[in-house]
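In order, the protein sequence lines correspond to chains A, B and C. Read in order, the letters of the first sequence correspond to residues 1 to 250 in the working numbering. Read in order, the letters of the second sequence correspond to residues 1 to 95 in the working numbering. Read in order, the letters of the third sequence correspond to residues 1 to 201 in the working numbering.
The set of hints was computed from the structure by calculation and includes no laboratory data. The model shown is predicted, which means the values in this text are computed figures rather than measured ones. Even for Gly, the Cβ is constructed at its ideal location relative to N, Cα and C. A hint or two may mislead.
Covered stretches of chain C (in silico footprint by chain B; criterion: 3 or more residues with CB under 8 Å from a CB of chain B, positions within the stretch not fixed) [stated by the list, open to error]: (1) 32-40; (2) 183-194.
One side of the interface only, derived from the structure: several residues of chain A facing chain C at Cβ under 8 Å [what the hints assert, rightly or not]: (3) W12; (4) Q14; (5) G55; (6) E84; (7) Y88.
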Amino acid sequence: MARAALPRRLNWQQARVVELVEETAQTTSIVLEPADWPGHDAGQHVDVRLTAEDGYQAQRSYSIASGPEDEHLVLTVERLDDGEVSPYLVGELRPGDELELRGPIGGYFVWNQSITGPLLLIAGGSGIVPFRSMLRHRSATASNVAVRLLYSARALDDVIYRDELAEFAAAGDGVDVSFTLTREWPEDWTGHRGRIDGKLLDEVSWPAADMPLTYICGPSGFVESASGTLVGGGHDPRRIRTERFGPTGT
Amino acid sequence: MDALDGNAIAGELFEVFGEEMTTAIGACAHCGATGMIAEQRVYLRAPGTVARCPRCSGVTMVLVSIRGGARIDLAGFKLAPPHDHGAPVDQQPAS
Amino acid sequence: MSPVSRGFLGRRRPVADPSRIPPGQYLTTDFPVLSAGPTPHTPLDEWSFTIHGEVEEPVSWPWEEFLDLRSETVTVDIHCVTKWSKLDTAWTGVSVDTLLENVETSAGYLTAWSDGGYTTNLALEDVTDGKAWVAYEYGGEPLEAEHGGPARLLVPHLYFWKSAKWVRGLTLTADDEPGFWENYGYHNHGDPWLEQRYQGD
Numbered sequence: 001m002a003r004a005a006l007p008r009r010l011n012w013q014q015a016r017v018v019e020l021v022e023e024t025a026q027t028t029s030i031v032l033e034p035a036d037w038p039g040h041d042a043g044q045h046v047d048v049r050l051t052a053e054d055g056y057q058a059q060r061s062y063s064i065a066s067g068p069e070d071e072h073l074v075l076t077v078e079r080l081d082d083g084e085v086s087p088y089l090v091g092e093l094r095p096g097d098e099l100e101l102r103g104p105i106g107g108y109f110v111w112n113q114s115i116t117g118p119l120l121l122i123a124g125g126s127g128i129v130p131f132r133s134m135l136r137h138r139s140a141t142a143s144n145v146a147v148r149l150l151y152s153a154r155a156l157d158d159v160i161y162r163d164e165l166a167e168f169a170a171a172g173d174g175v176d177v178s179f180t181l182t183r184e185w186p187e188d189w190t191g192h193r194g195r196i197d198g199k200l201l202d203e204v205s206w207p208a209a210d211m212p213l214t215y216i217c218g219p220s221g222f223v224e225s226a227s228g229t230l231v232g233g234g235h236d237p238r239r240i241r242t243e244r245f246g247p248t249g250t
Numbered sequence: 001m002d003a004l005d006g007n008a009i010a011g012e013l014f015e016v017f018g019e020e021m022t023t024a025i026g027a028c029a030h031c032g033a034t035g036m037i038a039e040q041r042v043y044l045r046a047p048g049t050v051a052r053c054p055r056c057s058g059v060t061m062v063l064v065s066i067r068g069g070a071r072i073d074l075a076g077f078k079l080a081p082p083h084d085h086g087a088p089v090d091q092q093p094a095s
Numbered sequence: 001m002s003p004v005s006r007g008f009l010g011r012r013r014p015v016a017d018p019s020r021i022p023p024g025q026y027l028t029t030d031f032p033v034l035s036a037g038p039t040p041h042t043p044l045d046e047w048s049f050t051i052h053g054e055v056e057e058p059v060s061w062p063w064e065e066f067l068d069l070r071s072e073t074v075t076v077d078i079h080c081v082t083k084w085s086k087l088d089t090a091w092t093g094v095s096v097d098t099l100l101e102n103v104e105t106s107a108g109y110l111t112a113w114s115d116g117g118y119t120t121n122l123a124l125e126d127v128t129d130g131k132a133w134v135a136y137e138y139g140g141e142p143l144e145a146e147h148g149g150p151a152r153l154l155v156p157h158l159y160f161w162k163s164a165k166w167v168r169g170l171t172l173t174a175d176d177e178p179g180f181w182e183n184y185g186y187h188n189h190g191d192p193w194l195e196q197r198y199q200g201d
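So here's chain A without its partners, still in its complex pose (with noise of 0.2 Å):
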């Protein structure tokens, strides 16, 4: 699928759930064919909707993890216990099942094949779903942008995405993965261990003098941590971009 302008009108839609694939024992990635998608760019994200029979609404937004190229738009969605659409979408929606979004939307955290690098991914818990869309759509336009991905998750079972990010990684051509675990880790864990500080971002990221383009995603906490931990170690703050979720674990 071509690279999408940014569509003209946002308009409510329908989109049939195709299937449902477990990521996590918490998260899912819902597979769906809108009626009228336009393509999007990585980075992006749709709104949805949900409306019960007495016509109560509730509404929230997603990052699209499929890239541009790939066949059907996919939504990767981490159930909070406690939240009031997660639950819904992971866990109650099934194949054949419509679901009411609106998109793309967004200009500012989206990244192109076009756009220089080298880039730095941070992502914190479900924050690395744009990466996602974002390494499909490079993989796919053969783009060899130097990539230093930085992903923060609770535990090694939290991880989305696993072997995909490996294949990535393993590809040879200029992706690089790190992890760090806040959490709990395996006993012969050889990755990061805790919260991301200015210590293990010197040791992951691009050094400053290289004008990385940087994206932070996660719960708001992380991203302003992970956003002043790289300014204070002398990075240009107009080469970051941020995008701030709501709860997820990082």
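Using the hints, position chains B and C against chain A.
For chains B and C alone, coordinates are given in the frame of chain A:
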């Protein structure tokens, strides 16, 4: 409750303005800090949505939905005319 | 109306006694945090509560003195304009009647003002005769900052945006002067039983 950012209201802003607004640049009316709408701190789930300057926390935008009609007050955020948008990320901003 | 999402109910709770739920409201058992800005953190040794404006003489209490005032514990239902109602919430605080005891005024209205700049307007008759408190405990525990602590206004017979979090004082006014949300189109009075959500309702 931690604030989100302007990305969280991108859909609502598109509805009001008829175009993508998260990259629109403006200046905080309270402290003068310039930035994109995406960088505003956004507080959802109040009677309305309040956007605040990331530097001084002054109110920059207020969105309310009254009887199904969305209204936006941008008195706290001086949009650069005519809705100058932030450069695509591959262009270095002028120093 | 949008097509129905099969099987979606939302977080609503079944209502045992509908007479306690105002029109257009849903029952919740959690306590959502709704805020228009960052949570202020005023140290208690810098906190004070002030009544001023159209008064003979302003009056002000620092924190320790405020806690020494006669307090009450009340159990009330609260109703948010975002359609959530929460029943049987227990608060401890000082009645606004107590705070106004020695205040001489001919004002008919007031603006409650808070740390962080929030304001809301009320008629004096809506905060007197046992209708309002400045509350510093919720459920028997000190009021948490995200719910308005150290102290918030509590006016349960009106929509909860009138119960200003982080309240620091009342400015008595001759006229009804719209506060923060009222300026953006919310109702000056805000009676949930009359569904006074917006100006003109």
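### Task
Return the numbers of the hints above that this structure violates; sort them in rising order.
Of the numbered hints, all hold.
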